[in-house]
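S.K.: If you're matching them up, the sequences are chains A, B and C in order. First residue of the first sequence: 0, per numbering that gives the first Met the number 0; consecutive thereafter. First residue of the second sequence: 0, per numbering that gives the first Met the number 0; consecutive thereafter. First residue of the third sequence: 0, per numbering that gives the first Met the number 0; consecutive thereafter.
Where hints are given, some of them may not hold.
Cut-off 30 Å, straight-line C-alpha distance, at most; resulting in silico cross-link-like pairs (DSSO-like, lysine-lysine) [claimed, not checked]:
1) C:Lys103 - C:Lys292
2) A:Lys88 - C:Lys46
3) C:Lys292 - A:Lys142
Residues from chain C shown here face chain A by an in silico Cβ test under 8 Å; the list is partial [said to hold, decoys possible]:
4) Gly36
5) Arg202
6) Gln206
7) Val256
8) Tyr258
9) Ile294
10) Asn298
Covered by chain A, according to a simulated footprint, are these stretches of chain B (three or more residues, beta-carbon under 8 Å) [what the hints assert, rightly or not]:
11) 166-176
12) 180-190
13) 249-262
14) 301-310
Source of the hints: derived by calculation from the structure; they are not laboratory data. The C-beta atom is built at its ideal place from N, Cα and C for all residues, glycine as well.
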Amino acid sequence: MAQSHLKAVGEILAKHGILVAFILFMIAFALLNPRFINSDNLLGVVRSSAILGVMAIGVTFVVVSGNLDLSVGSMMSFSTIVVLDLHDKLGPLLGIPAMFAMTMALGALIGFLVGYLKLNSLIVTLGMLSAIHGLTLTYSGGKNMDIADKDGTWFGFFGQGELLGVPVPILMFALLAAGLTLVLSKTPFGRKVYAVGGNGVAATFSGIPRARIVFYCYLISSFCVAMAGLIQASRSLGSQNTVGQGLELQVLAAVILGGASLLGGSGTIFKTVIGVLILGFIQNGLLLVGLEFYVQYIVTWVIIILAVWLDIAAKRGQLWSPIA
Amino acid sequence: MKNTNLAKRLQDSAIWIFIALELAFFGIAGEFLSLSDGNFLAPDNMLLLIKQTVPLGIIALGMTIIMINGNIDLSVGPIFALCAIVMLDSMTWPIFAGLGDGVIVIAWALAILVGVVLGAINGFIVWKTGVDAFIVTLGSMLGYRGLVFLYNGEQPTYHLNWTLVDIAESAPLGIPLPILIFAGCILFTWWLTKRTVHGRNAFAIGDNRTAAVNAGIRVGPHMVWNYVLIGLLVAISSATFYSASGSVNPNDGMLYELWIITAVVLGGTKLTGGRGSIIGTVGGVIAIQLMRKGLGHIGADTAMVNLVIGSILIVVLYLDRQLNRKGEEELNS
Amino acid sequence: MNFRKTLVTTTALASFAMVGAAAAADYTIGITQNNVGVDSYQTTYEKAFIAAAEANDKVDAVVLDAGGDVARQIAQMEDLIQQNVDAIIIWPTNGQAVIPAVRKAHNAGIPVIVTNSNIAEEGFDFVRSFSGPDNVTQGARSAEIMCDKFKEMGIENEAQVVQISGQPGYTTAIERAGGFEDRLPEVCPNVTLVETQPGDWNREKSQQVMEAFLVKYDDIDGVYSGDDNMGVGALNAAKAADRAGDIIFVGATNFAVGYEAMGRGEYWGSIYQSPVDDAEAALQTAIDVLDGKDIPFLNYFDTPKITQDNMSEFDKPVF
Numbered sequence: 000m001a002q003s004h005l006k007a008v009g010e011i012l013a014k015h016g017i018l019v020a021f022i023l024f025m026i027a028f029a030l031l032n033p034r035f036i037n038s039d040n041l042l043g044v045v046r047s048s049a050i051l052g053v054m055a056i057g058v059t060f061v062v063v064s065g066n067l068d069l070s071v072g073s074m075m076s077f078s079t080i081v082v083l084d085l086h087d088k089l090g091p092l093l094g095i096p097a098m099f100a101m102t103m104a105l106g107a108l109i110g111f112l113v114g115y116l117k118l119n120s121l122i123v124t125l126g127m128l129s130a131i132h133g134l135t136l137t138y139s140g141g142k143n144m145d146i147a148d149k150d151g152t153w154f155g156f157f158g159q160g161e162l163l164g165v166p167v168p169i170l171m172f173a174l175l176a177a178g179l180t181l182v183l184s185k186t187p188f189g190r191k192v193y194a195v196g197g198n199g200v201a202a203t204f205s206g207i208p209r210a211r212i213v214f215y216c217y218l219i220s221s222f223c224v225a226m227a228g229l230i231q232a233s234r235s236l237g238s239q240n241t242v243g244q245g246l247e248l249q250v251l252a253a254v255i256l257g258g259a260s261l262l263g264g265s266g267t268i269f270k271t272v273i274g275v276l277i278l279g280f281i282q283n284g285l286l287l288v289g290l291e292f293y294v295q296y297i298v299t300w301v302i303i304i305l306a307v308w309l310d311i312a313a314k315r316g317q318l319w320s321p322i323a
Numbered sequence: 000m001k002n003t004n005l006a007k008r009l010q011d012s013a014i015w016i017f018i019a020l021e022l023a024f025f026g027i028a029g030e031f032l033s034l035s036d037g038n039f040l041a042p043d044n045m046l047l048l049i050k051q052t053v054p055l056g057i058i059a060l061g062m063t064i065i066m067i068n069g070n071i072d073l074s075v076g077p078i079f080a081l082c083a084i085v086m087l088d089s090m091t092w093p094i095f096a097g098l099g100d101g102v103i104v105i106a107w108a109l110a111i112l113v114g115v116v117l118g119a120i121n122g123f124i125v126w127k128t129g130v131d132a133f134i135v136t137l138g139s140m141l142g143y144r145g146l147v148f149l150y151n152g153e154q155p156t157y158h159l160n161w162t163l164v165d166i167a168e169s170a171p172l173g174i175p176l177p178i179l180i181f182a183g184c185i186l187f188t189w190w191l192t193k194r195t196v197h198g199r200n201a202f203a204i205g206d207n208r209t210a211a212v213n214a215g216i217r218v219g220p221h222m223v224w225n226y227v228l229i230g231l232l233v234a235i236s237s238a239t240f241y242s243a244s245g246s247v248n249p250n251d252g253m254l255y256e257l258w259i260i261t262a263v264v265l266g267g268t269k270l271t272g273g274r275g276s277i278i279g280t281v282g283g284v285i286a287i288q289l290m291r292k293g294l295g296h297i298g299a300d301t302a303m304v305n306l307v308i309g310s311i312l313i314v315v316l317y318l319d320r321q322l323n324r325k326g327e328e329e330l331n332s
Numbered sequence: 000m001n002f003r004k005t006l007v008t009t010t011a012l013a014s015f016a017m018v019g020a021a022a023a024a025d026y027t028i029g030i031t032q033n034n035v036g037v038d039s040y041q042t043t044y045e046k047a048f049i050a051a052a053e054a055n056d057k058v059d060a061v062v063l064d065a066g067g068d069v070a071r072q073i074a075q076m077e078d079l080i081q082q083n084v085d086a087i088i089i090w091p092t093n094g095q096a097v098i099p100a101v102r103k104a105h106n107a108g109i110p111v112i113v114t115n116s117n118i119a120e121e122g123f124d125f126v127r128s129f130s131g132p133d134n135v136t137q138g139a140r141s142a143e144i145m146c147d148k149f150k151e152m153g154i155e156n157e158a159q160v161v162q163i164s165g166q167p168g169y170t171t172a173i174e175r176a177g178g179f180e181d182r183l184p185e186v187c188p189n190v191t192l193v194e195t196q197p198g199d200w201n202r203e204k205s206q207q208v209m210e211a212f213l214v215k216y217d218d219i220d221g222v223y224s225g226d227d228n229m230g231v232g233a234l235n236a237a238k239a240a241d242r243a244g245d246i247i248f249v250g251a252t253n254f255a256v257g258y259e260a261m262g263r264g265e266y267w268g269s270i271y272q273s274p275v276d277d278a279e280a281a282l283q284t285a286i287d288v289l290d291g292k293d294i295p296f297l298n299y300f301d302t303p304k305i306t307q308d309n310m311s312e313f314d315k316p317v318f
C-alpha cells in the first residue's frame, strides 16, 4: 500500500519534473538573450519544431506499444520526395492522398513484420531505414525534387500558410496532437496500446490482439510521417533525398525526454510535445546565445540522461540504482 | 531435443552458408558483369576483403559481448573519431617533441586511454543511474560527438607521419598488420566469452538478470567492465585505421553503430541478450563487407546497395526467427 | 534458404539490366565518388560521367560511391588497385585521409586524378593531376559579387553579412568559406561578417539556421551560402519572415532552384559550375594522362560569376 503511494507521488513528480525543467530553461535563455522570448521567435521555434513534433507524436504510439521506430527519418525523406514528384505529375489533389497511401503502405509493411511476424522492431526499422533510403534514391534517381511552378500552386499552404493568424504547420501539429491524445487516452484502442506495451504476454492472455494493435501503431506512425513529409515539402517546395536523415534520433530523443519508457507501457502525447519543444528551444536558445551548434549536442546529452534518470529515480524512490 | 540441436547447428552455421552463397554469386556474376580482369575470389582479393572488415570488425567484437550481456552501445561512432583525434593531435604536442618517432607509442596509448575512459563513463552511468543502456548511449552518441567538435571545431584533425603509415601498412609474414591485430582481438574476445568467469557471467546476466543477481553476480561492475572493453576495442580499431590514413573528419564514424549492430545480429547474437558468439560476429562483418564489395564489383549503385542490405537484414531476422521458434516474446528495445 | 536465393537472383537480374555486358576497351578507369545521392550535383556528375564513358569506345568505367565514408573510400581505392585498373579518379571524402591510399595507387603504378575537391599538398607528389573547380577562387568571387552589389546599393560601409557554410570538415566547404572570408575584407573592408554556421549542404538545415539568424540580428544585408541549395533554404526563411527584400543572397554552385530564384529577382548571384563539365573534364584528364599527353597539374575548369544581370548568358542548370 505504502509502496503504491510512493509510486504515485513519484509519478506526479516525474510529470511535473519535465515541465519544471522546461520553464527553468525558458527563463535562463530569456535572461541570456531577451530576444528569445520575443513572440516572433517563440512562434518560429514552434513552427520549425512542427515537423519533428508531428513525427514524434506518431512514434509515441510505437514506443508506448513497446517497440521502436528508427525508420521515420528515411520514411519522411521518401514521402517528401514522392509528394513533390506527384504534385507535378498528378496535381496536388491526387498527389497528396497517393503519397499518404504509399507512405502508409511502408508503415503497414513494418507493422506486419513487427506485429504479425513478431520480428524485433529495432532491427526491422534499422533495415527499413536503409531500404527506404534506397527506395527514395531509386524513385528520384538521386536528384533533388522541385515543384516546377512554385508561384502558381497553393501547395505551399501546409508549410507556409496561415489560418486565423496561426501558421498552418503549428495548427496541424496542434490538431494532430489533440486528436491523437484523444485516441491514446480516451479510447479502448488506446488502452490496449498501453496494455500491449506494459506487458505483452499478459495482454495476449487477456485476449487483446497484440499483433493488430502493434500493426495499427506503425500505421499511425507512418501517417504522421506522411503528414511531416507534406509539411516539409510544402515548406520549401523542393527537397533533397536526405532531408529526413538523422531525424529518427531526434524524434526518439524527444519522446524519451517526454518520459516515455522504451520498455513500453508509458508515455503520453502531451509529454512528447513538451519533449519536442524542449529540444526545439534548446537548439534555438543556444544559437541565440551564440554558442556553436555542437554545444547543443552536449547539452542534449546531459538533459536526456538527467531527465530519464530523475524520472526513474522518482519512480523507484531512490536516486542511485540499486544494482550491486 | 535432437531437433533443437539440429536447429541450433543450422543457426550457428547460417551466417557461413550465407557467406558461401554470396561468394558463389559474386564470383559467378562478377565474371559476366565486372569490368575488372581479376577474379573476385582470388586469394589477394579475399585477403583485402578481410582487411577492409577490420575497422568495423574489431568494434563488433566488443558489441557482441555488450549485447550478450543484454545491453547495447550506440556511441561507438564518436568514440572512434575522438580516439583518432587525440592520437593524431598528440603527436604534435610540444611536450613530446623530443621523442622523434617514439611519440607514436605514446599516441597509441593516449588513444586507448580515451576509448577506455569514454567507455567507462557510459558504463558507470548505466550502472549508477539504472537508465536503460539504449538511452544512455543514445545520449552519449550525441554528447561525445559534441566533444569531437569541441576539440577542433569543424576542421579535420590531421597529422601525416609516414613512419606511422608504414607501420600500419606493413605486412609481417605477408599478412597485413590490421588483420593480425583483428585476429588477436578475435582470439582474446573468444577466450573471454568461452573460457572465463567474466564471459559466463555475461551470458548469465543477459539471459536472466534477476537470477544472476540472486546467484551473487555483481551486475553493475560487470557491465562497467564490458563498456570499458568496448571502449578499448573501439580505440584499437581507431588506432589501426587512422594510423594508416592520418586524418579524421569530425563526422567520421557516423552510422557505424548501425552497421555494427547489423553485423552482430546477422552473426546470431540475440538482442535480448543471453546468446551470441564471437565467431558468428566475425561472419556477420565479413558478410556485410562482402555484400558491399560484391555489389560494387558487379556495378550496383548506391540505391541498390541500400535496398539490398536493408532487405537482407530483415530476411535474415525472419529466417533466424523461423529457425528457433521457441515462442519467445520479442523484447522491447 | 529459398528467400535468400530469390533475393539474390532478383539482384542478379536487376544488375544485368543495369550494367549490361562488359565490352573490351583500351582503358579501364575507376572512379570513387564522395557521396552520390546527397545532392543533385553529385548525382548529375555520376550520370554525366557514366554517359561520357559509354560514349567513348576507348574507355570502360568502374564507378563506385563512398557514401561520404572515408573508410569505405579507402577500401574502394584498394579494390581498384587490386583490380588493376589503368587509372583512378577520386573525389575525396577527406582531402588528407586518402593520401596514404593515393600513395598506394601511385606505388602500384596507377596514375591518380583528383576530381572536384583537391587533396592536401602532402599528397601532390602521388597525384598526376587535379581536375575541378577552384573553390578558393569561387569563394573569393562570391565575395566580389556581394561587395559589388553593396557598392551599387551604397551600403558598402555598413553592411552586415552572415555565412552558411557547407558540411563541416569537407574540403569544398572549407576552401569556399576561406576564399570568401579572405576576399571580403580586401574588397569591402567595412563590411562585417557577423556569424558563420554550417548548413551541411542541406536546405532544411540552412532554413533553420537562417531563421535563428533573423531573430538574432535585426540588420542582415547579405547572406553567403556555400551552395545554392543552402542559399535557397536561407531565402525561404527570409521570405517567411518578410525580410527577403532587404537581403542580398549570394551562393555558389548554381542549382536550378537558385537560377529560378534569380529569375524571380529574389536571389542575387552565384557561381556557375556544371557537374557535367566537371565529370567530363575529369574523364578527359584521365584519358589524356593515359594517352601520355602533357597536362598541367592543376586543371581548373572555369566557373564564372552569375548574377541577375548576366544570367541570360547561361543555360538553366539541369540539377
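S.K.: Taking the numbered hints from earlier one at a time, note which ones the structure violates and give those numbers from smallest to largest.
M.R.: Numbers 3, 8, 9, 10, 11 and 12, in rising order.
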